[in-house]
Structures are given as C-alpha cells and as structure tokens.
Amino acid sequence: MAQTGHLTQSPPRAAAPWVTPVTRLRIIILLTVLIAWEAVAASGILLRDVVPSTLTIGRSLMEVLFRPDLKVSLAGAAFSMPAFYWHLYVTILEVAIALLIGGTSGLAVGLALGANPFLAKAFERYLYYLGPTPKIVFFPVMIMWFGVGPESKIAMGTVSAFFPVVLSAAAGMRQIEGVLIRVGRSFRLNTWQMVTKIYLPAMREPIVNGIRLGMGVAMIGTLLAETKLSNKGVGFMIIDAYNTFDMPRMYAVLLMLFVIAIGANSLVGRASRR
Amino acid sequence: MSARGAIQREGIPFVFGILCLLAVITVIEMLIRWGMINPFIVPKPTDIVMSFERIILEENILPRFMMTFGEALMASLMLSVVGISLGVLLHRNTTVRLATQNWVAAIASAPLVLMYPLFLVIFGRSAWTIIMIAFVSALPPVILKTLEGLAGTRAVLINVGRSFKLTPSQLYWKILFPAALPNIFVGVRLGMIFALINIVGVEFLINFGGLGQLVNELAERYDLPGTYAAICFVILVSVVFFIGTERIERWLRPGT
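Those sequence lines, one after another, are chains A and B. Terminal number for the first sequence in the numbering used here: 274, no gaps in between. Terminal number for the second sequence in the numbering used here: 530, no gaps in between.
The shape of chain B in the complex, shown without the other chains (with noise of 0.2 Å):
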C-alpha cells in the first residue's frame, strides 16, 4: 500500500515530466520537418542526437573534459585551502572580523568574472587565467560560510571543551571545525559550482581550455546541431558535478 502510494506520489508526476519533456522534443522536430522553424537556426533534435558520436569521437571531448575537470580540481583547492583558511583567520580575531566582514560580503556581489580582460594581460592566454578568475569569483562564500558555521557552534560544545580543559588549538581541531564542518562544506560546494559557472564560461570567452572552447568553436564554424549537442554535454558535466556535491553536502548534514 505505502509503496503504491509512493509511486504514485513520485513515480507518475517523474514519469508526466519526463514525457513531457519528450512531447515538447517532438513538436519541435515536427515543427522544423513542416518548415516551420528554420532548420539554419534551431537543428533537428535528431541531428543533435546523432551529431553527439561525432563531438565525442571528433572533438577530443574526453581531453577537454579533463582539462575542464582539472581546472575545476585546481581551483576548487586553492578555494579550499584559501577560503577556509581566511574564514578561520576572521573568526579568530574579532577586529579583523569587524574590519572586514562587509567588505567580503561585497566582493561577493560584484561582477568580478568582467576582471577576465586583467587576468588575460597578467597571466596571458593560459589555464591560470582560467583558474584564477574561477578562485577569485568563487572565494567570498567560502569564506563567510566558513565563518558562519564556526560562529554557528554551540556554546554547551565550547563549554565541554573548556570544561576537559582543551588547549585553544585542540578546541579549534576537536570542538569547533568538526561542528562548522557540515557549513563549511556548503560554502566549499557554492564555491566550487560558482568556480565551474566561471571557468566553463571563461573559456567560451577566451577561446581556450576545454568545454566551453568546445562550445564557441562550434559555434565559430557553423555546426548547429554539434553547437547544441556541446551544450547539452556542458549541461549534462554540471548537473552531475552539482548533483554529485549534493549527495556529498546531504551526507554530511544527515537532517537537510
């Protein structure tokens, strides 16, 4: 009974989605066919179907992938170490909390992805600029939520470490991170996903590294139904990074 209660409280509108998302496909296909929609604007969903072998097999996509995967990796490291670090640092002395806490806050809401143009003259057309500006862009909710979290922590828990008279270093290592450590983990997987918004997309602009090179080449030469295809694969490469996070995050903080 509670089975079939939960397929149909989960199964039938997943199985309505999906088929809707089918009929929504088909019309379009159906639609280009009647000469509807211009087939030099929006390719046959099945020629983007098709021209998928062709972009893997052609365009090298499982280096590009890796080089994506790689600035990523990179970037979402020196976030950690960086980020987390600095949060701590602004939680351990409360002057320079004080002094500097906005400011971070601000950083966080400008554009810094538009210094592209700066990194590109500093570090030249290379995967370091790519990294850099994804660091950069990524770092303030690192930072403010590593800060959160170790704010965050209960006073009965820092008691209890006083109370077995811990030593500050060993408050810090056995009472205080492993408690910020479930919201330190949020701030790292904003981090991280912004870091992949900015690094996909700083390679389109810049013509170079991996997927988003791959998007704007095929663009440059024409190919439509390769273009939507590299999208889709884009597209496909963050939802598995940001459902693969979430797993991790939901792992981490048992009750979310």
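Here chain A stands alone, though its shape is the one from the complex (with noise of 0.2 Å):
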C-alpha cells in the first residue's frame, strides 16, 4: 500500500568541518614557507638583506602603498602621494594603450586572415613563427623609431600584444558555423553589419582569450623595457629598488605586481567564462 501523508524525516546531515583538509594543507604550505623563509632570512646563508624578514617586506610594503613620498600639483593645489600609485598609473596607461593599439591591429589583420583563405596561406605562417619569438629584442629598434619616452614601452608592448590576437581571431574566424555566416548573407548584411553582428559574437570566447594572452605579454614586455630603460613604470621601480640595493623594497613591488597581475588576468578570464 503506498503511504500518503506520511514525511519521514532524513537523518541530519553532518556538518563539514570547519577546516578541510585541503585548506589545512594550504595553511601548511603557507606555514612551512614563512618559517623556511624566516630561517634563511635569520640565518643568512645567502648574502644580507638579500633576503629579508617577512616584517622588513611588509613594513616596505606599506611605504610603498602608504607613504606620502611624492609631491603632485594638479590644478594649483600642492599634495602629496605615494610615487608608487603614479608609477603603477603610468604602466597601467602604457599597458592599456598597447593592448588598445595591439588589440584592434591584431583584432582586422585576425579577421582579414580568418575570412581570406588565401591570404592565411600565403602570410599566416609568418605570424605563426613570430608569435614565440622574444619581442624585447626588437627594444633597441623601438627606442630608434619612437624614443626613450613612454612612447617605445608603448610600441613594445603593442608588438607583443599583436600577436596572439591575430593568431586567435584568425582561429575563432575560422570556428564559425557556416550556418551563422549564411543567414547573415541571406539578410543581405554588409561588411560592417557581418563583422558586428556575426563575426565578433560568434567569437567572443577566442577573442577574449586572445586578448587575456595579449594582455599578459603586453604587461610583460612593457615592464621589461622599463627596466632596461626608462624613469617612471612600475619596472623602473623594480630595476631602481635593484640599483639602490633596497631589496624590501623590490621585495614589495614585486608582489603587488603579481598580485594585480594576477587579478587582472583572472578577471578578463572570468568575463570569458559568462
């Protein structure tokens, strides 16, 4: 007889424990390379200040976020900021300009080659052999053409950001459905019209992946060639910390580079994923 009416009541589930074991062994991680770091700090097997107490990087850490240490005039007003945020406005400027330059560049030529196939034959191999080359080669040429300024970290940063956007448009291009393409045609769309309602939705995915790869190495060769040579950037910070042998400092900016560069990289990822 089937019973109606009738709840049976579930045995109460056991709570998870508050600390699983993988957070334990995160901690753990966490712990054991704190105290590794401390006692080689303390030791001093590798040369002083080389590698300096966790406090030390941590108090330098908040000079670096904190400290008042440059003095800015905007509109007749005097005041004072922490250099390291106008450094980090500089790289981000420089960054964003590239990947804008390199992005868009990248973004027609990827397209160009995605919907011609006979002009990916004949100059997507190029493309393709470049792609891995070391960019920060062709510094000396940039400083040449466009100078010691912001301009040739700029111009490194947009040839390093070119080339895996191309690569992956021109992939994604070719991913399409044809399906998608003919009932654009058959709407009688024109170029314009394909290219924004057809080509670039349809690929949205290896677009931003593109970009996200762009992004990374366009941060990378910028950075590079404001250690090699230039007055303001974040890598002038790193290479100028070097120079001074203020290796807390290095230490500082340093880390909140991979941690912006971090977050900024998983949050393009992130937008991909929607």
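Simulated from the structure, these hints should not be mistaken for lab results. Beta carbons: idealized from backbone N, C-alpha and C, even for Gly. Take the hints with a grain of salt, since some may be wrong.
Claimed, not checked - Far from chain A, by Cβ distances over 12 Å, these chain B residues were calculated: (1) T300; (2) M304; (3) R328; (4) M340; (5) M348; (6) L351; (7) V356; (8) L388; (9) G426; (10) R436; (11) L470; (12) V474; (13) G475; (14) W525.
As the list claims (entries may be wrong) - Here chain A is said to cover these stretches of chain B; the calculated rule only asks that three of the stretch's residues, wherever they fall, bring their Cβ under 8 Å from a Cβ of chain A: (15) 288-299; (16) 362-376; (17) 501-509; (18) 513-521.
The task is to assemble the complex, starting from two chains supplied on their own in separate frames and drawing on the hints.
Below, the structure is given as structure tokens:
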C-alpha cells in the first residue's frame, strides 16, 4: 500500500568540517614557506639583506602603498601621494594603449586572415612563427623609432600583444559555424554588419582568450622595457630598488605587481566564461 | 590533376606571400635610398644582408649561439624533470592537487621574469641567473599539462590495466604515462618556448650570455645594420626551434 501524508525525516547531514583537509594543507604550505623564509633570513645563508624578514618586507610594502613620497601639483593645489600609484598609473596607461593598438590591429588582421583562406595561406605562417620569438630584442629598434619615452614602451607592448590576438582571431573566425554566416548573408548584411552582428559575437571566446594572452605579454613587454631604459613605471621602480640594493622595497613592488597581474588575468578569464 | 590542385591551393599563396615580403623589403630599400626614411634609424636591407657575414665572423656568433643553446638545454632539462615530477605528484595526491592547482595556474599568469633583479642578487651576473629565471618562468605550463594529460587518461585503459592486476607502479609506467605523453610533451614544448624567450630576454637585459647580449652590444655600439642582422638571427633561431619542437609534437600526436 502506498503511504501518503507520511513525512519521513532524513537523518541530519553531518556538518562539513570548518577546516577541510585542503584548507589545512594550504595553511601548512603557507606556514612552511613563511618559516623557511624566516629561517633563511635569520641564518644569513644568502648575502645579508638579500632575503629580508617578512616583517621588513611588510613594513616596506606599507611604505610603498601609503607613504606620501611624491609631491604632485594638480589644478593649482599641491599635495603628496605614494609614488607607487603614479608609477602604476604610467604602466597601466602604457599597457592599456599597447593593448588597444595591438588588440585592434590584431583583430582586424585576424578577421582578414580568417575570412580569406588565400591570405591566410600566404601570410599566417609568418605570424605563427614570429609569435613565439622573444620580442624584447626589438627594443633597441623601438628606441630608434620612438625615442626613450613611454612611446617605445607602448610600442613594445603593442608588438607583444599583436601576435596572440591576431592568431586567436584568425583561428576563431575559421571556427564560426557556416550556418551563422549564411544567415547573415541571407539578410544581406554589409561587411560592417557581418563583423559586428555575426563574426564578433560568434567568436567572443577566442577573442577574449587572445586579449587575455595579449594583456599578459603586453604587460611583460612593457615592464621589461621599463627595467631596461626608463625613469617611470613599475618596471623602473623594480630596477631602481635593485640598483640601490633596497631589497625589501623590490620584494614589496614585485608582490604588488604579481597581485595586480594575477587579479587582472583572473578578471578577464571570468569575463570570458560568462 | 590533384597535384596541380595542391600546387594551386598551397603553392600560389606561398609564392604570393614571399613576393609580398620581397616587395616590402624593396620598397623600404628605395625609400631609404630616396631619403624618405632616415638611414640612421632604419638601415638599408642590403646593408643588413651584408652585415650578416661580419656578425658571423667577427662577433663570434657560433659560440654565442652555443651558449644560448646550452642555457636553453639546461633549463629544458630542469623543466622536464621537475615539472613532470611535480605534475605526477599532484596527480597522485588529490588533496595536494586541490590545494595547489589554482596557485600554479595563478603563478603561470604572473610576470615572473620581472624577478630577474632578485635572481641577479642571488646567483650573480652569471649563466645560472638566466637558467634559473627561465626555469621558474616556464615551470607552470609543464606542471599543468602533465596533470591534464594524466587526468585525461581514458578510464577504459586504466580498467584494462587493473584487470591485468598491474601494480600501481606498473599502471603508471605501462598505462598512465604513455597515454599522457603527448600532452606532457605539449607542456614541455610550451615550457621550452617560454624558457627560450626568457633566456634571450634576460641575456639582452643584463648584457650577459649569447644572442641576447649580442643584440644589446651591437645596439649600444650604434651598429644599426649589425643590430638588425642580429635580431634577424634571433628570429631565425627561434623559428627553427619552434618548427623543430612542432615536428616532434606532431610525431607524438599524429592526429593533430
């Protein structure tokens, strides 16, 4: 007989442990690294000050982030701010412009190569093989062409960002389903409408992936160029700290840079998964 | 018919691409000769070609190439041993994998090459600085691809191994590792490319070592044709390296 109106009470679920084995292991790894770091710092195995204590690095990080050591005059008003933010602003601006130029040109060339098999067969191999070459060797050329200012760093970032975007866009274009293109043509869309209504929406994921890769390499290209020849930017801050042997400051700036780079990469990654 | 079709499909675009490249080089040569491009900024392509012999004979390009090659080889060896071992370790231990996989992926997106001043302080201005920065920067893809390869082994293969009552060690060496090998090589190849990029980059930045240093030295001497020729040589080396590793990857993954 079927039982109706009879509620059976399921046994209470065991509460999940507050600290899972994974979290516990993460804490253990972090503590081990910290203790090992402190032990190396205290032992003096490496040169003195090469591995400063975490406390010293933390203090330096606070100074980098909060000590107003740069006088700024804006609209007649003078005030002080931490120099880090100004250098960060310079680097972000350089990377953003590089990504804009490299990304836009990469996208345009990628669309052309993806849409035209003849052009792809003629030119794509060069882009494919030039992509993995070390772009920093072009820096002397960039200095000749664009000078020692931010322009040469932007050019470095642009060259770096161009290749991942163009290759992703070309590959993405070829993966678009033929039916979507035929639908666009049956509606008699012009080239601009085909690009904005069909191609770009259909290849969003490869484009975002290309931009994500492009952003990473543009950042590296720009920062490396700043370490080689510059008087502003986060790359300059790092090499300046090295030249003055201010190791805690160098660690602090590197730490902030890694946090920003990982965060930016993660944000773009999330955008691509949406 | 089919041979003619293949020539038309592949040969004509290839020749068109070469001709376009030659046309661009010729136009640049003409513009420089006519004074429309400053020769003190962009040297004539003919001067660049002529300077190849000079940089090969006078700038010891072969020893420099061997030095860069040696650094790349050492970094690749370390990458393969450490990266694959760590990938296997993460695969064997689920807790370790869950605890650290995201960290490895995050490290992969960090510009680790920027740590080169730190390595300079620790290892001095030596080849080891270059090797170590290349090793550290290129390690994450090897770990992640090894893990991906091992985790992606088809269940039926593992079940066959179990039905033959293979020991865990035999299961690893006879089933999991061979099945994951193509993926592992993709990781090693990516790692080797990252390593080469970082090696030449750091050689250029710290003015030490092989081909990267050559570009820097020639640029500092304002030897423009030589600088461009050295850059062309670096491109040539990385293209040959890239094609070589690509061929090996295709041999390991015949379907791709």
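If any of the earlier hints don't hold here, list their numbers in rising order. 8, 11, 12, 13
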